[in-house]
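Number of protein chains: 2
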Amino acid sequence: MADYQKIAHALQKSEGEPVHIRGWIYRTRSSGKLAFVVVRDESTIIQVVAEKERLPDEEFAGAQKALIESSVDIEGLIHEDERAPGGREIHATSFRVIQFAEDFPITEDHSTEFLLDNRHLWLRSRRLTTIMKIRHTVVGAIHEFFRSRGFYEFHPPILQPSQCEGGATLFEVKYYGDTTYLSQSWQLYAEAAVFALERVYDVAPTFRAERSKTSRHLSEFWMAEMEAAWMELDEATQYAKDEIKFVLRRVLEHHERDLAYLGRDPEILRALLDKEWPTIKYREALEVLAEHGMDVPFGKDLRTLEEEELMRHFDTPVVVTHYPKETMAFYKPRDPQHPDEALCFDMLAPEGYGEIVGGSQRSTDIEELMESLEQQGEDPRNYEWYLDLRRYGSVPHSGYGVGVERLLAWICALDNIKDAIAFPRTVTRKSP
Amino acid sequence: MADYQKIAHALQKSEGEPVHIRGWIYRTRSSGKLAFVVVRDESTIIQVVAEKERLPDEEFAGAQKALIESSVDIEGLIHEDERAPGGREIHATSFRVIQFAEDFPITEDHSTEFLLDNRHLWLRSRRLTTIMKIRHTVVGAIHEFFRSRGFYEFHPPILQPSQCEGGATLFEVKYYGDTTYLSQSWQLYAEAAVFALERVYDVAPTFRAERSKTSRHLSEFWMAEMEAAWMELDEATQYAKDEIKFVLRRVLEHHERDLAYLGRDPEILRALLDKEWPTIKYREALEVLAEHGMDVPFGKDLRTLEEEELMRHFDTPVVVTHYPKETMAFYKPRDPQHPDEALCFDMLAPEGYGEIVGGSQRSTDIEELMESLEQQGEDPRNYEWYLDLRRYGSVPHSGYGVGVERLLAWICALDNIKDAIAFPRTVTRKSP
Chain A
14 MADYQKIAHA
24 LQKSEGEPVH
34 IRGWIYRTRS
44 SGKLAFVVVR
54 DESTIIQVVA
64 EKERLPDEEF
74 AGAQKALIES
84 SVDIEGLIHE
94 DERAPGGREI
104 HATSFRVIQF
114 AEDFPITEDH
124 STEFLLDNRH
134 LWLRSRRLTT
144 IMKIRHTVVG
154 AIHEFFRSRG
164 FYEFHPPILQ
174 PSQCEGGATL
184 FEVKYYGDTT
194 YLSQSWQLYA
204 EAAVFALERV
214 YDVAPTFRAE
224 RSKTSRHLSE
234 FWMAEMEAAW
244 MELDEATQYA
254 KDEIKFVLRR
264 VLEHHERDLA
274 YLGRDPEILR
284 ALLDKEWPTI
294 KYREALEVLA
304 EHGMDVPFGK
314 DLRTLEEEEL
324 MRHFDTPVVV
334 THYPKETMAF
344 YKPRDPQHPD
354 EALCFDMLAP
364 EGYGEIVGGS
374 QRSTDIEELM
384 ESLEQQGEDP
394 RNYEWYLDLR
404 RYGSVPHSGY
414 GVGVERLLAW
424 ICALDNIKDA
434 IAFPRTVTRK
444 SP
Chain B
14 MADYQKIAHA
24 LQKSEGEPVH
34 IRGWIYRTRS
44 SGKLAFVVVR
54 DESTIIQVVA
64 EKERLPDEEF
74 AGAQKALIES
84 SVDIEGLIHE
94 DERAPGGREI
104 HATSFRVIQF
114 AEDFPITEDH
124 STEFLLDNRH
134 LWLRSRRLTT
144 IMKIRHTVVG
154 AIHEFFRSRG
164 FYEFHPPILQ
174 PSQCEGGATL
184 FEVKYYGDTT
194 YLSQSWQLYA
204 EAAVFALERV
214 YDVAPTFRAE
224 RSKTSRHLSE
234 FWMAEMEAAW
244 MELDEATQYA
254 KDEIKFVLRR
264 VLEHHERDLA
274 YLGRDPEILR
284 ALLDKEWPTI
294 KYREALEVLA
304 EHGMDVPFGK
314 DLRTLEEEEL
324 MRHFDTPVVV
334 THYPKETMAF
344 YKPRDPQHPD
354 EALCFDMLAP
364 EGYGEIVGGS
374 QRSTDIEELM
384 ESLEQQGEDP
394 RNYEWYLDLR
404 RYGSVPHSGY
414 GVGVERLLAW
424 ICALDNIKDA
434 IAFPRTVTRK
444 SP
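Chains as they are written, first to last, in the working numbering: chain A, 14 to 445; chain B, 14 to 445.
FYI, nobody ran anything at the bench for these hints, they're computed from the structure. Be careful, since some hints might not be right.
Since the list can't tell identical chains apart, any single copy or any two copies may satisfy a pair.
Stated by the list, open to error - With a straight-line Cα cutoff of 30 Å, these simulated DSBU-like cross-link-like pairs (lysine-lysine) come out:
#1 Lys258 <-> Lys146
#2 Lys254 <-> Lys146
#3 Lys78 <-> Lys65
#4 Lys254 <-> Lys19
#5 Lys65 <-> Lys19
#6 Lys313 <-> Lys226
#7 Lys19 <-> Lys78
#8 Lys226 <-> Lys187
#9 Lys26 <-> Lys46
#10 Lys254 <-> Lys294
#11 Lys294 <-> Lys313
#12 Lys294 <-> Lys258
#13 Lys26 <-> Lys65
Work out the full structure: start from the sequences and follow the hints.
Written out as structure tokens, the structure is:
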């Protein structure tokens, strides 16, 4: 197709220079002889002035009548004008409407459900477009972080015959007259991979049938996971801190204005880069809570309320390690020094965003693994292949997963995790 | 954990220099006073000489008795020896067995099914490890190609309420008492995204219930897809050629030896880089076939046999465009000049590898779309949201998908596509 340029590029031209843009009508108003049409493209917006005298009749009529979201192809000359957004507008010499949009259903003050029903159109909103661009940068930074550190991108199967994070949240798939399940985590398969590739990562869709309707749960979400041979708990927690800082740095490099547009002060994130992010044990977290009147007995998981109270005492993300073994997934090993604790960790984000990373060293003790599986009502025979990994050259290894949407929700200071993914899937929503 | 180095790094040291490696026993033989233990890690292999006189008794005993795939941590001094693989061996000063492996079940001459049953162990084979490394490079090159050209990485939903490539190959998922399906393609959702981000790509798992047991079909595979606003068929085919050439270039940069190890002559791939890859119409392909005694009537899809005959006349990948509209997915538009042809394309790989890319311009004609949906037995009301994309600012747009495993199978000259993915899923296999 003929050459055209991004609006952001057109906005760098000087008075009188010719430009050619394509996009969609963002706002429009007209009088008898003039139409002021603000056009958006992927990059930004610009005002186009269509004058009856300068355009063929049919084109001027089109500029007057085209409704918002109509697609347009416009040529014209740059006019510098301080009042215009971006300090420039285009005086059209050609105004072609590619498609005259029907009345756009989304105007103002719609309910959340209406916007979710029309997600395919609401995606075009500046808000969602901005979030999706930051998501692109977050995921790109994760690829860059691991690839530059010698990790291999490794794709696990999404269809898995058994559970990894509890049978209750499995989604069942009909598989040629048989049954299989959707991945809750790549972990068991990544553990197999480290005996070949040693250090692996992925960014992949993950599925958990979470019946809770909270602002933090999705049924389908993306996880960025890593798994590394010869790595113990301490090093894994350090990797997680380094990774999240690396992501923040890339986001701040590319999206300072976008963050501000979303109402997130970039300085709050920037201040985290040079600070040490503490690591505390779950037992220490209980002490902090007890000092502030919250008595949580050892063995109970921290609820949102308690995580929020804990995080009031920190101004950075915090890594909490050594949660009670009994409440943990079967693959998390006992700490030999404190057998009631597991060699595991969560990273909690500040500002009430909760867990953004979860990980652990992996148990290499077949007896312990079989016992934990049985306690969870699983038949260890279904995990024979996994137990093989402990029979043939077992090595200490660790891994963790970053919830992409949770990380993004925190970075962008979103109210609801649903805005961190293009087409959210929850207990009450499976379309469009 | 204490510092250690990759074997590839140790192999660059000189006579007498100290090294510290970790890995798994690849081969082993011993006499009374000496054990020759070849150790593998992710990078390569090296021979370790364990001498009774230089090691504590327990360590020498361990070196003698450890079976293959035992995990080891070894310190020693480099000895240059032309007979050794890599021209170096290690004379051990410390030989610690981390875990004594049981008798490794995989030896030689196993059936394909046995190796698939033990895929979690067979992944460690040099063959599969090599393929997975090339896969890492292929996928990385795809990310690099699109990101450097201003495309946004966009994640579509994997759980989708309707079909995109024919209802017959849908996998059904139980969804909170309701039903939904696994993605056959990101396409419909990517089409929604281009109105916001204009140019998007992804690399994501894709599912088709393919009952055919061929060497070219998987039930779960990964597709690298792109979708671009303001792009027509010609430009899309050019993008596909550029992308595949870019991937080949990166693979040749990093994996010349790996390809040779797999039995693929890298020069065959290199020769493709400077050639033009032809684009022909389906009708022209039929003529080529007719000249060689294969009469295919217009309207029939090309079968493997016919694709293979066609490709005998080319020494590069070939793009075939304008397949008959009637056999195509509903979203492929008629060519206005030739209404029985669709504005679509496949890229066929040489050497019998068949289709590696499939794409098209997308129909923007609501009537045509509804008619095609009805012809395929679909209720257009289930696609209202998709049709909305033609009502509100429709623009010409195109996209295509690269089958990651098919591309990899061709690049590595694999006999079977199952070796192009870590844990293959087919009509007869859902585990491990």
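Hint by hint, here is what the structure shows:
1. Lys258 <-> Lys146: both (19 Å within a copy, 27 Å between copies)
2. Lys254 <-> Lys146: Both ways: Lys254 and Lys146 sit 23 Å apart in one copy and 27 Å across, limit 30 Å.
3. Lys78 <-> Lys65: within (13 Å within a copy, 92 Å between copies)
4. Lys254 <-> Lys19: between (37 Å within a copy, 25 Å between copies)
5. Lys65 <-> Lys19: This pair counts as within: shortest intra-copy Cα distance 25 Å, inter-copy 72 Å.
6. Lys313 <-> Lys226: Answer is within: at 22 Å inside a copy they meet the 30 Å cutoff, but 50 Å across does not.
7. Lys19 <-> Lys78: within (24 Å within a copy, 68 Å between copies)
8. Lys226 <-> Lys187: So Lys226 and Lys187 pass the 30 Å test inside a copy (26 Å) and across (18 Å) alike.
9. Lys26 <-> Lys46: Within one copy only: 26 Å inside, 80 Å across.
10. Lys254 <-> Lys294: Answer is within: at 16 Å inside a copy they meet the 30 Å cutoff, but 54 Å across does not.
11. Lys294 <-> Lys313: within (14 Å within a copy, 66 Å between copies)
12. Lys294 <-> Lys258: Answer is within: at 21 Å inside a copy they meet the 30 Å cutoff, but 51 Å across does not.
13. Lys26 <-> Lys65: within (24 Å within a copy, 78 Å between copies)
The earlier numbered hints are all upheld by this structure, with none contradicted.
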